[in-house]
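Single-letter residue listing:
Protein chains: 2
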Amino acid sequence: MKFSSKLIEDAVDVFAQLPSIGKKSALRLVLHMVNRDVTFTKEFAEALQNLRENIKECQHCFSLSDESICNICKDPHRLKNVVCVVESIRDVMAIEDTGQFSGKYHVLGGVISPLEGVGPDQLTVDELISRVEQEGIEELIMAISPTIDGETTIYYLSKKLEGKDVRISTIARGISFGGELEYADGLTLGKSISSRLPYQTNQER
Amino acid sequence: MKFSSKLIEDAVDVFAQLPSIGKKSALRLVLHMVNRDVTFTKEFAEALQNLRENIKECQHCFSLSDESICNICKDPHRLKNVVCVVESIRDVMAIEDTGQFSGKYHVLGGVISPLEGVGPDQLTVDELISRVEQEGIEELIMAISPTIDGETTIYYLSKKLEGKDVRISTIARGISFGGELEYADGLTLGKSISSRLPYQTNQER
Numbered sequence: 001m002k003f004s005s006k007l008i009e010d011a012v013d014v015f016a017q018l019p020s021i022g023k024k025s026a027l028r029l030v031l032h033m034v035n036r037d038v039t040f041t042k043e044f045a046e047a048l049q050n051l052r053e054n055i056k057e058c059q060h061c062f063s064l065s066d067e068s069i070c071n072i073c074k075d076p077h078r079l080k081n082v083v084c085v086v087e088s089i090r091d092v093m094a095i096e097d098t099g100q101f102s103g104k105y106h107v108l109g110g111v112i113s114p115l116e117g118v119g120p121d122q123l124t125v126d127e128l129i130s131r132v133e134q135e136g137i138e139e140l141i142m143a144i145s146p147t148i149d150g151e152t153t154i155y156y157l158s159k160k161l162e163g164k165d166v167r168i169s170t171i172a173r174g175i176s177f178g179g180e181l182e183y184a185d186g187l188t189l190g191k192s193i194s195s196r197l198p199y200q201t202n203q204e205r
Numbered sequence: 001m002k003f004s005s006k007l008i009e010d011a012v013d014v015f016a017q018l019p020s021i022g023k024k025s026a027l028r029l030v031l032h033m034v035n036r037d038v039t040f041t042k043e044f045a046e047a048l049q050n051l052r053e054n055i056k057e058c059q060h061c062f063s064l065s066d067e068s069i070c071n072i073c074k075d076p077h078r079l080k081n082v083v084c085v086v087e088s089i090r091d092v093m094a095i096e097d098t099g100q101f102s103g104k105y106h107v108l109g110g111v112i113s114p115l116e117g118v119g120p121d122q123l124t125v126d127e128l129i130s131r132v133e134q135e136g137i138e139e140l141i142m143a144i145s146p147t148i149d150g151e152t153t154i155y156y157l158s159k160k161l162e163g164k165d166v167r168i169s170t171i172a173r174g175i176s177f178g179g180e181l182e183y184a185d186g187l188t189l190g191k192s193i194s195s196r197l198p199y200q201t202n203q204e205r
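Just so you know, the protein sequences line up as chains A and B, in that order.
The first sequence begins at 1 in the working numbering and counts up one residue at a time.
The second sequence begins at 1 in the working numbering and counts up one residue at a time.
One or more hints might be untrue.
[Unchecked claim] List time: in silico DSS-like cross-link candidates among lysine-lysine, alpha-carbon distance up to 25 Å:
| # | chain 1 | residue 1 | chain 2 | residue 2 |
| --- | --- | --- | --- | --- |
| 1 | B | Lys-80 | A | Lys-2 |
| 2 | B | Lys-2 | A | Lys-56 |
| 3 | A | Lys-23 | A | Lys-6 |
| 4 | A | Lys-74 | B | Lys-191 |
| 5 | B | Lys-23 | B | Lys-2 |
| 6 | A | Lys-2 | B | Lys-191 |
| 7 | A | Lys-24 | B | Lys-80 |
| 8 | B | Lys-80 | B | Lys-160 |
| 9 | B | Lys-160 | A | Lys-56 |
| 10 | A | Lys-56 | B | Lys-42 |
| 11 | B | Lys-56 | B | Lys-74 |
| 12 | B | Lys-56 | A | Lys-74 |
| 13 | A | Lys-2 | A | Lys-23 |
| 14 | B | Lys-42 | B | Lys-24 |
| 15 | A | Lys-24 | B | Lys-159 |
| 16 | B | Lys-74 | A | Lys-42 |
| 17 | A | Lys-191 | B | Lys-56 |
| 18 | B | Lys-80 | B | Lys-159 |
| 19 | A | Lys-24 | A | Lys-42 |
| 20 | A | Lys-23 | A | Lys-80 |
| 21 | A | Lys-42 | A | Lys-56 |
| 22 | B | Lys-159 | A | Lys-42 |
| 23 | A | Lys-42 | A | Lys-23 |
| 24 | B | Lys-23 | B | Lys-42 |
| 25 | A | Lys-74 | A | Lys-56 |
| 26 | A | Lys-2 | B | Lys-56 |
| 27 | B | Lys-2 | A | Lys-24 |
| 28 | A | Lys-80 | A | Lys-6 |
| 29 | B | Lys-42 | A | Lys-6 |
| 30 | B | Lys-56 | A | Lys-6 |
[Claimed, not checked] Label-pair distances were calculated between CB atoms; the ranges are:
| # | chain 1 | residue 1 | chain 2 | residue 2 | range |
| --- | --- | --- | --- | --- | --- |
| 31 | A | Val-118 | B | Gly-99 | 23 to 31 Å |
| 32 | B | Val-38 | A | Glu-180 | 26 to 34 Å |
| 33 | B | Thr-39 | A | Ala-172 | 38 to 46 Å |
| 34 | B | Gln-59 | A | Gly-110 | 34 to 42 Å |
Think of the hints as simulated: they come from the structure by calculation, not from any bench.
All residues carry an ideal CB built from backbone N, CA and C; glycine is no exception.
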């Protein structure tokens, strides 16, 4: 694509670095910005910079947060003894949208994936074990996408937690195997939380 | 969608104001930014602000430009006597990509559309007439999407230019009726420029 303007070219180049945005879409977005009031681009740029510079990782649950402890961890009305273990903040948001869960969260930061070189050390596994030992957690709900890596992660965690006084459950398999948790519709996801099942290893089934 | 972070919510809100980006896509883009280095967001924001604050309209052809006269209008190697009339800068870029046109452009800024309340006064029609009168333009190529509004605009322009010493042609109808010019493939668009036809009103056909 040829650009007669360096300013447009630069703006298209940065937009096209975002996932699922090609050069044509980028140009469309950039021209939309040019056609809108100058304050829109200012607000847009400021919101993104403000986010990137000030966003923090909650020191307790490892979700993203405006402060060092996130709103959910701080909320006294939420159950302390039930913790939902998820891959990322996207899953926290998806579960919050269902309104079916009133406990707290623990964000692993991914799943164990030998193919992608992700081991337990890159995840917040040790922090989860500490929380179980220190906070009197009675139940961990594994709300992890039912992929092979997800299942591996749940199995690994269940082994690590063996002997500790905590019940491990998984969300009900209302979600199809191989599906991505964050794209499930709210009804299915909500149902899968409320009808969660005690965790069983393959040997026990 | 519920957000536990105001920073994320604000960033998603601005992204979701862009065309064809919903809240879920916006969240995906925002989290991509959070996961990348802080300099990426800085460069991203700066490129957009730099664009929006410094982009100009070429005072000659009304395309977007870094300076008050655009590179194409300034180029001494391009034909001065053939001018391609287009709706927007997207069409300029699409035609430039074909490499089939070595004349200059005139950007109308849209097409006449009674339904959307766009009349000739909102377009650069008077400026086009002045250019025809002053610059010794021999041919105007109407490279306008062959929609009803596009055809109306070409007809209106041909009537306005009646009696003036200029040939009016349209790009060959290699592009299907009702199609959008900017999404045509380069080959078809290039061919449609090189095999352009003299303009005839419906009565003459």
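Cross-check of the supplied hints:
The hinted pair formed by Lys-80(B) and Lys-2(A) meets the criterion: a straight-line CA distance of about 21 Å does not exceed 25 Å. Taking the CA atoms of Lys-2(B) and Lys-56(A), the gap is near 18 Å; set against the 25 Å cutoff, the hint holds. With a C-alpha separation of about 15 Å, the suggested pairing of Lys-23(A) with Lys-6(A) holds against the 25 Å cut-off. Straight-line distance between C-alpha atoms of Lys-74(A) and Lys-191(B) comes to about 65 Å, which puts the hinted pair past the 25 Å bound.
This hinted pair checks out: Lys-23(B) and Lys-2(B) have alpha carbons roughly 11 Å apart, not beyond 25 Å. For the hint linking Lys-2(A) to Lys-191(B), the alpha-carbon distance of about 18 Å falls within 25 Å, and the restraint holds. A threshold of 25 Å between alpha carbons decides the hint, and for Lys-24(A) with Lys-80(B) the separation of about 29 Å lies outside it, so the pair is violated. Proposed proximity of Lys-80(B) and Lys-160(B) is supported: the alpha carbons are some 21 Å apart, at most 25 Å.
Restraint check: the Cα-Cα separation between Lys-160(B) and Lys-56(A) comes to about 62 Å, which exceeds 25 Å; the hinted pair is violated. Restraint check for Lys-56(A) and Lys-42(B): the C-alpha separation of about 17 Å stays at or below 25 Å, so the hint holds. In summary, the hint linking Lys-56(B) to Lys-74(B) is supported, as the alpha carbons are separated by about 15 Å, within the 25 Å threshold. Of the pairs offered as hints, the one joining Lys-56(B) and Lys-74(A) is violated, with about 49 Å between alpha carbons and a cut-off of 25 Å exceeded.
With a C-alpha separation of about 11 Å, the suggested pairing of Lys-2(A) with Lys-23(A) holds against the 25 Å cut-off. For the given pair, Lys-42(B) sits about 23 Å from Lys-24(B) by alpha-carbon distance, which is consistent with the 25 Å threshold. Between the alpha carbons of Lys-24(A) and Lys-159(B) the distance comes to roughly 35 Å, so the proposed pair goes past 25 Å and is violated. A threshold of 25 Å between alpha carbons decides the hint, and for Lys-74(B) with Lys-42(A) the separation of about 31 Å lies outside it, so the pair is violated.
Between the alpha carbons of Lys-191(A) and Lys-56(B) the distance comes to roughly 54 Å, so the proposed pair goes past 25 Å and is violated. Of the supplied pair hints, the one linking Lys-80(B) and Lys-159(B) holds, its CA atoms being roughly 23 Å apart against a limit of 25 Å. Simply put, Lys-24(A) and Lys-42(A) have alpha-carbon atoms about 23 Å apart, close enough for the 25 Å limit, and the pair holds. Straight-line distance between C-alpha atoms of Lys-23(A) and Lys-80(A) comes to about 47 Å, which puts the hinted pair past the 25 Å bound.
Distance restraint check for Lys-42(A) and Lys-56(A): the Cα-Cα separation of roughly 23 Å lies within the 25 Å cut-off, and the hinted pair is therefore satisfied. Among the hinted pairs, Lys-159(B) with Lys-42(A) is inconsistent with the structure: their alpha-carbon atoms are about 43 Å apart, more than 25 Å. With a C-alpha separation of about 22 Å, the suggested pair Lys-42(A) and Lys-23(A) falls inside the 25 Å cut-off, and the hint holds. As the CA atoms of Lys-23(B) and Lys-42(B) are separated by approximately 22 Å, the hinted pair is consistent with the 25 Å bound.
At most 25 Å may separate the alpha-carbon atoms for a hinted pair to count; Lys-74(A) and Lys-56(A) meet this at roughly 15 Å. In summary, the hint linking Lys-2(A) to Lys-56(B) is supported, as the alpha carbons are separated by about 18 Å, within the 25 Å threshold. Note on Lys-2(B) and Lys-24(A): the hinted pairing is violated, with a Cα-Cα distance of about 31 Å set against a maximum of 25 Å. For the proposed pair Lys-80(A) and Lys-6(A), the alpha carbon gap of about 54 Å is over 25 Å, so the pair is violated.
Annotation: proposed proximity of Lys-42(B) to Lys-6(A) holds, straight-line Cα distance about 18 Å (limit 25 Å). Between Lys-56(B) and Lys-6(A), the direct Cα distance comes to roughly 12 Å. Compliance with the 25 Å bound is thereby established for this hinted pair. Taking 23 to 31 Å as the suggested C-beta distance range, the pair Val-118(A) and Gly-99(B) does not conform, at roughly 46 Å. With their beta carbons about 28 Å apart, Val-38(B) and Glu-180(A) fall inside the hinted range of 26 to 34 Å.
Taking 38 to 46 Å as the suggested C-beta distance range, the pair Thr-39(B) and Ala-172(A) conforms, at roughly 43 Å. For the hinted restraint 34 to 42 Å between Gln-59(B) and Gly-110(A), the CB-CB distance of approximately 53 Å leaves it violated.
Consistency note: the structure conflicts with the earlier hints numbered 4, 7, 9, 12, 15, 16, 17, 20, 22, 27, 28, 31, 34.
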